[in-house]
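Protein chains: 2
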Amino acid sequence: MIQPQKRQPKYVQIYHWFQEQLQAEKLKTGDQIPTETALARQFNVTRMTVRKALHRLVVEGIITRTRGKGSFVAAETNKNFIFSLNTITGFFNDIRRSGSQPAFKVNRVEIIQADAKIADPLQLSGDLRVIYILRTFFADEEPALIQGTYLPYEPFKRVMEMDLSKGMYPIYRENFNLRLHHADQTFTAVMSNSFETRTFGFDSPQPCIFLEWVLYDDINRPIEVCYCTYRSDKYKFNVVSSLPVQLSMAP
Amino acid sequence: MIQPQKRQPKYVQIYHWFQEQLQAEKLKTGDQIPTETALARQFNVTRMTVRKALHRLVVEGIITRTRGKGSFVAAETNKNFIFSLNTITGFFNDIRRSGSQPAFKVNRVEIIQADAKIADPLQLSGDLRVIYILRTFFADEEPALIQGTYLPYEPFKRVMEMDLSKGMYPIYRENFNLRLHHADQTFTAVMSNSFETRTFGFDSPQPCIFLEWVLYDDINRPIEVCYCTYRSDKYKFNVVSSLPVQLSMAP
DNA sequence: ATACTAAATTTGTATATACATTTACCAGAT
DNA sequence: ATCTGGTAAATGTATATACAAATTTAGTAT
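In order, the protein sequences belong to chains A and B. Each residue of the first sequence is one higher than the one before, starting from 1 at the first, in our numbering. Each residue of the second sequence is one higher than the one before, starting from 252 at the first, in our numbering.
Check the hints yourself; a few may be wrong.
Sample of chain A residues facing chain B (criterion: CB under 8 Å; computed from the structure) [as the list claims (entries may be wrong)]:
id: 1; residue: W17
id: 2; residue: T35
id: 3; residue: D184
30 Å max Cα-Cα, derived DSS-like pairs, lysine-lysine [what the hints assert, rightly or not]:
id: 4; chain 1: A; residue 1: K234; chain 2: B; residue 2: K320
id: 5; chain 1: B; residue 1: K303; chain 2: A; residue 2: K69
id: 6; chain 1: A; residue 1: K28; chain 2: A; residue 2: K105
id: 7; chain 1: B; residue 1: K279; chain 2: B; residue 2: K417
id: 8; chain 1: A; residue 1: K69; chain 2: B; residue 2: K261
id: 9; chain 1: A; residue 1: K52; chain 2: B; residue 2: K368
id: 10; chain 1: B; residue 1: K303; chain 2: A; residue 2: K10
id: 11; chain 1: B; residue 1: K485; chain 2: B; residue 2: K417
id: 12; chain 1: A; residue 1: K234; chain 2: A; residue 2: K117
id: 13; chain 1: B; residue 1: K279; chain 2: A; residue 2: K117
id: 14; chain 1: A; residue 1: K28; chain 2: A; residue 2: K157
id: 15; chain 1: A; residue 1: K236; chain 2: B; residue 2: K487
id: 16; chain 1: B; residue 1: K320; chain 2: A; residue 2: K236
id: 17; chain 1: A; residue 1: K10; chain 2: B; residue 2: K320
id: 18; chain 1: B; residue 1: K320; chain 2: B; residue 2: K368
id: 19; chain 1: A; residue 1: K28; chain 2: A; residue 2: K236
id: 20; chain 1: B; residue 1: K487; chain 2: A; residue 2: K28
id: 21; chain 1: A; residue 1: K117; chain 2: A; residue 2: K105
id: 22; chain 1: A; residue 1: K10; chain 2: B; residue 2: K417
The set of hints was computed from the structure by calculation and includes no laboratory data. As the structure is a prediction and not an experimental result, all values here were calculated from the model. C-beta atoms are modelled at their ideal positions from N, C-alpha and C, and glycine is treated no differently.
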């Protein structure tokens with residue numbers, strides 16, 4: 001089965017063998033895979049070599065392993081959510097529209113000094129204090145999104161004493177009489193950091209969508225800066241874009 | 252330095268030690284880090300333990316290692332490109348606007364049978380043949396984007412004989428008299444597959460933006476389905492979104 | 001039956017060793 | 001100077017072994 005004369009290392013061959021088994025559905029979600037010692041015997045290699053192959057599968061989120069229990073094919077994505085970016089309706093509405101139960105909890109509220117990445121978009125000068133609110137959002141009690149919100153301290157200091165359980169947008173609108181208008185959003189893909197990995201319940205860092213936005217009111221004043229990390233295994237984003245009349249070239 | 256009585260494994264401690272060194276800028280981009288044997292001596296552990304720590308840094312794209320040469324702090328992102336998704340101006344225009352030189356090459360053109368993921372958005376029924384065009388796009392001769400385009404075979408079969416070097420949009424417009432109107436785009440974060448990892452020149456799979464779109468003409472007929480993988484270390488995306496008048500809740 | 005204990009199982013960490021493969025470097029011959 | 005070949009150095013692969021830690025299983029005493 002595992003051929004030493006091939007140019008590929010043994011552990012890569014074992015890794016590929018598992019991918020084939022999964023492709024052929026001989027291994028399905030939740031299945032326990034043979035133990036390290038059994039695999040070592042099966043492929044006639046040492047346990048350490050098997051472990052290298054399995055480790056690669058763990059890193060890619062294909063299997064999960066638990067000391068004392070064994071290794072299992074990871075639960076696959078059962079439900080997918082799609083967020084529309086054309087009009088921001090808010091996490092709660094997006095999740096409700098999918099028929100699931102949204103929730104969030106506040107992890108932290110504190111006053112910090114803004115660095116350039118926060119101060120520039122908020123157009124701060126002089127007073128660099130900002131209110132930092134770290135929240136985790138859930139869909140059906142499963143963490144979906146970790147969000148850090150930054151607000152200029154002076155105009156928003158009343159927020160510190162407020163009940164945040166209804167979310168920030170009603171506070172902006174009702175307590176501060178702001179008319180929210182648009183958001184400038186930039187996103188990219190990142191690996192989850194250790195806090196995110198833990199919060200999302202991943203076994204190892206996984207690719208996530210990192211979305212930063214600046215929220216503006218109707219007279220183009222920046223209200224908040226948000227850094228969001230969405231788990232990408234269950235959440236997708238949608239944008240409907242128009243095309244200009246004339247396009248010069250590819251794609 | 253490395254304390255066995257701590258609850259953290261030694262290799263994790265070594266991994267964190269490197270992160271601190273990088274944070275404190277005692278290690279900078281391009282620096283060679285000490286050899287495995289030197290580190291093993293320094294931390295009083297075996298070479299294999301050092302390797303476990305270094306492997307973790309490789310997986311996260313923090314260092315690169317070359318057999319016979321050594322280990323080096325990975326080159327950091329020097330230039331960032333931002334693609335706007337509000338109006339699609341095309342890869343070429345986006346890159347040119349950033350002051351760089353765009354290019355692409357055609358990796359493959361072939362006729363294949365569409366599966367549901369292709370046939371559904373193209374609204375195919377009966378004839379499931381599609382033209383599959385695999386292209387790699389470059390910015391300043393560096394691969395930026397791998398794109399697979401799917402076209403219904405019958406109406407577009409003339410494409411097979413055409414010169415694709417000017418891109419697809421001029422062909423749609425001039426050779427097929429189509430008026431391109433809008434695109435429905437969905438994206439998420441994925442790890443690069445082996446082809447993408449190789450093409451992008453990564454040492455290990457890295458997080459990428461996976462963007463699928465369906466391009467429509469002015470009478471809402473689907474023209475093409477595209478699957479794109481963008482390297483996320485240098486490319487970001489921007490969307491400016493509006494907010495509806497009334498928002499019920501968070502974020 | 002229930003509760004506790006002990007053993008077996010399984011994965012995690014760490015060491016030690018050997019050899020392979022790639023690269024860099026230097027000495028010596030041309 | 002230039003090319004060649006050998007050697008050293010560095011990382012890659014693989015084996016073998018030991019013990020740790022977590023979980024399950026089985027058994028035993030109450």
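Hints breached by this structure: When the structure is compared with the hints, numbers 1, 2, 4, 6, 7, 9, 14, 16, 18, 20, 22 turn out to be violated.
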